[in-house]
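K.L.:
Take a look at the letters that make up each chain.
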Amino acid sequence: MLLVVNNLVKKYGKKTAVDSISFTVNIGEIYGLIGPNGAGKTTTLRIIATLLTPTAGSVVVDGIDVTKNPLEVRRRISYLPEEAGAYPYMTGEEYLVFISKLYDPENYKDIAVEAEELSGLGDALKEKIKTYSKGMKRRLQLARSLAVKPRLAILDEPTSGIDVLYSLEIREQIRRYAKQHGITILLSSHNMLEVEDLCDRVAIIYNGKIIAEGTVKEIINKVGAYNLEEAFARLVMHAK
Amino acid sequence: MPSNISIFVKKEIKDLLRDPKILFSVIILPALIYIFLGQAVSFAITKVAEESGNVSLIVIDNDSGEWSKYFISYLESIGLPKLKILSNMNPQDIISSMEWQNDYDCLIVIPAGFSHNITSGVQAKVEVVAFVKSLGLTSLTKLEITNRLISNFANNIVVAYLKSAYPDRDIASILSPIVQEREVIIKNQKYSEAFAYNLVNQSFLLVLGPILVLSIVTSIAATSMGVEKEEKTLEVLLSLPLKRSDVILGKAIATAVISILGAISLSIGLFSYIGSIISAAKGEAQLAGTFRMLIDLLGKASLIKLSVGLILCLLLGSILGLIVASFASNVREAQALANIVWMPVLIVFVMLLFLELDAFSEATRVLLSVLPFSAPIIVLKTAVSSSTYLSNISIVANLIYFVIAIWLSIKWFDSERILTARPALKLKRK
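Chains as they are written, first to last, in our numbering: chain A, 1 to 240; chain B, 1 to 430.
Check the hints yourself; a few may be wrong.
Stated by the list, open to error - Short derived list, chain B residues pointing at chain A, Cβ under 10 Å:
hint	residue
1	K10
2	P20
3	I178
4	R182
5	E183
6	V227
7	L234
8	E235
9	V236
10	L238
11	R244
12	L408
13	K411
14	L419
Source of the hints: derived by calculation from the structure; they are not laboratory data. Backbone N, C-alpha and C define an ideal beta-carbon position, used for all residues, glycine too.
Please construct the entire structure, taking both the sequences and the accompanying hints into account.
P.N.:
Below, the structure written as structure tokens:
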């Protein structure tokens, strides 16, 4: 197993954002974390990305505890936050080279070239990032997240702000990278179609607790719904 | 895996230099301001110097005596551009006429009895009226020139009296019975008083340098952190395979490098400014000579200590700037918060600038030397004294502050509050 989350708790003062959740993700698996706004998805992703410290419980990535050796964890992951910006006065090309160098100072050129192709931004990569649209910035961020070939890619709303056609392409890329390079993907999304299409397994999180977990088919069958969206709605309504 | 700090430092420097706000306000503007200011002041000085012998005078001679004639002859001998001699006239006729006022700078009225008073040993009086045509720093220059002409003539009268009274004496020995020969000893070297004044003035410039550089460094560090927050790049940055210490030191080093570039630009501007002024006052060679002497006088050891002290303070200022700016959510807030660091630094600098260390007890001197950011000024202040140990104390103290600041910032950047921290001081809205 590449990711083991065990009884994870995160409290902000008196408010419990994540309430004793546990799940595991296998190598090369695409795992979806879905839930309404404020359910605790991003907090969970941030803890796994070593940005937040858990109040209780543990998170182990590739055999390394996130609280004990965060730097080693960071060398094995790439994290794409929901609102991720890039340095406005760098060109897209320079940004990808910078990130690639941090992950692999020896083979950074190959990684950067791969990221450039993955972004699909073409000549725009020579332009400064401040001239990019929201969608272009997202493509750049997603490209850098996958091209560095992490052991675990944590993608928070990966297709947010991207048009339908490119979203389809991105899903294909995520699937391809997971399969070809054995990259484990942990993603959160509000787009149920995307989750249904991409994820091998899904956890539905509500009020900081996991209220359902399994393959998309298992979850749909469990509540007798037509699709994941309906299953999600029924499960959340039931939990309220 | 080797440290990624050099990759991060290069990226930071490139990114900061490309930010037009920083490029313009830190690198280009300081040089331009002083260069243009220097040209303007130099032009003004040249103009004043050109005008210094030029005064257009109207003289109303209501005395027509022997001494008023001498005075008028004296004025005629100078070769003033315009000199109008009138006699037996009411000064009010001139004062109330705009035509006269436009054509002349000053009016000298020699009243009746002027010559009689001089010959009888009574103080004689003349009335001087200046016609001000515009308000400015040099508006009353013409009045000063006129005063000088009258004083010169009065001196001539005194010399003439003394010569007739003491034909065998050296008049200079009567006018100035004691002559001083003044010298200044600095670091066992003898200097003329004028040269020592120049040295002191220029050492002030050396003190001014660190103040200006430190004002830049906190602002750049704050901007760098503000951009991370504003552009939402901090979350990604902190999830990259970089040690927290690499992030902080990388930003601090990049900020210090940009500040030094800013300081070089500022120095070019400042020296151009001073050069323009001295050149206008015909003293450029003297300036360069004095500055070289100042550098020689400080000596290699002090210059090395000065550099070390300055770099330590730059890094310290930069790290503190980063910490306070991490409470901001955008560049504007970050720069406002940077003043929290900058103001105490300014207070320390200004205080040390005007204090004479020798006037204090040993304990107080040591206490002043261990103040944060004190190192560059303490090094400069003690460079020519026997208290050079104070500069060592100051450097060690600031090194300790730097290490503490690094430790605190790593702790802070390691904590999750770096992503959510906001300034605590908020006014409650009713």
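K.L.:
Determine for every hint whether it applies to the structure shown.
P.N.:
Hint check:
1. The interface hint given for K10(B) holds, since its Cβ lies 9 Å from the closest Cβ of chain A, which is under the 10 Å cut-off.
2. For P20(B), the interface hint holds, the least distance from its beta-carbon to any beta-carbon of chain A being 8 Å, beneath 10 Å.
3. Taking 10 Å as the C-beta contact cut-off toward chain A, the hint placing I178(B) at the interface is violated, the least distance being around 68 Å.
4. With a cut of 10 Å, the hint placing R182(B) at the interface with chain A is violated, because the nearest CB-to-CB distance is about 57 Å.
5. Nearest Cβ of chain A to the Cβ of E183(B): about 57 Å, over the 10 Å cut. The hint is violated.
6. A distance limit of 10 Å between C-beta atoms decides the matter here; for V227(B) the minimum to chain A is near 8 Å, and the interface restraint holds.
7. Using the Cβ-Cβ criterion of 10 Å, the hint placing L234(B) at the interface with chain A is satisfied: the shortest such distance is roughly 9 Å.
8. The interface hint given for E235(B) holds, since its Cβ lies 5 Å from the closest Cβ of chain A, which is under the 10 Å cut-off.
9. Using the Cβ-Cβ criterion of 10 Å, the hint placing V236(B) at the interface with chain A is satisfied: the shortest such distance is roughly 5 Å.
10. Taken as an interface hint, L238(B) checks out: its beta carbon lies about 6 Å from the nearest beta carbon of chain A, inside 10 Å.
11. At a threshold of 10 Å, the smallest CB-CB gap from R244(B) to chain A is about 9 Å, leaving the interface hint in force.
12. Hint on L408(B) is violated. Least Cβ distance to chain A is approximately 18 Å, over the 10 Å limit.
13. Look at K411(B): its Cβ only gets to about 13 Å from chain A, farther than 10 Å, so that hint breaks.
14. For the restraint placing L419(B) at the interface with chain A, the shortest Cβ-Cβ distance is roughly 6 Å, inside the 10 Å limit, so the hint holds.
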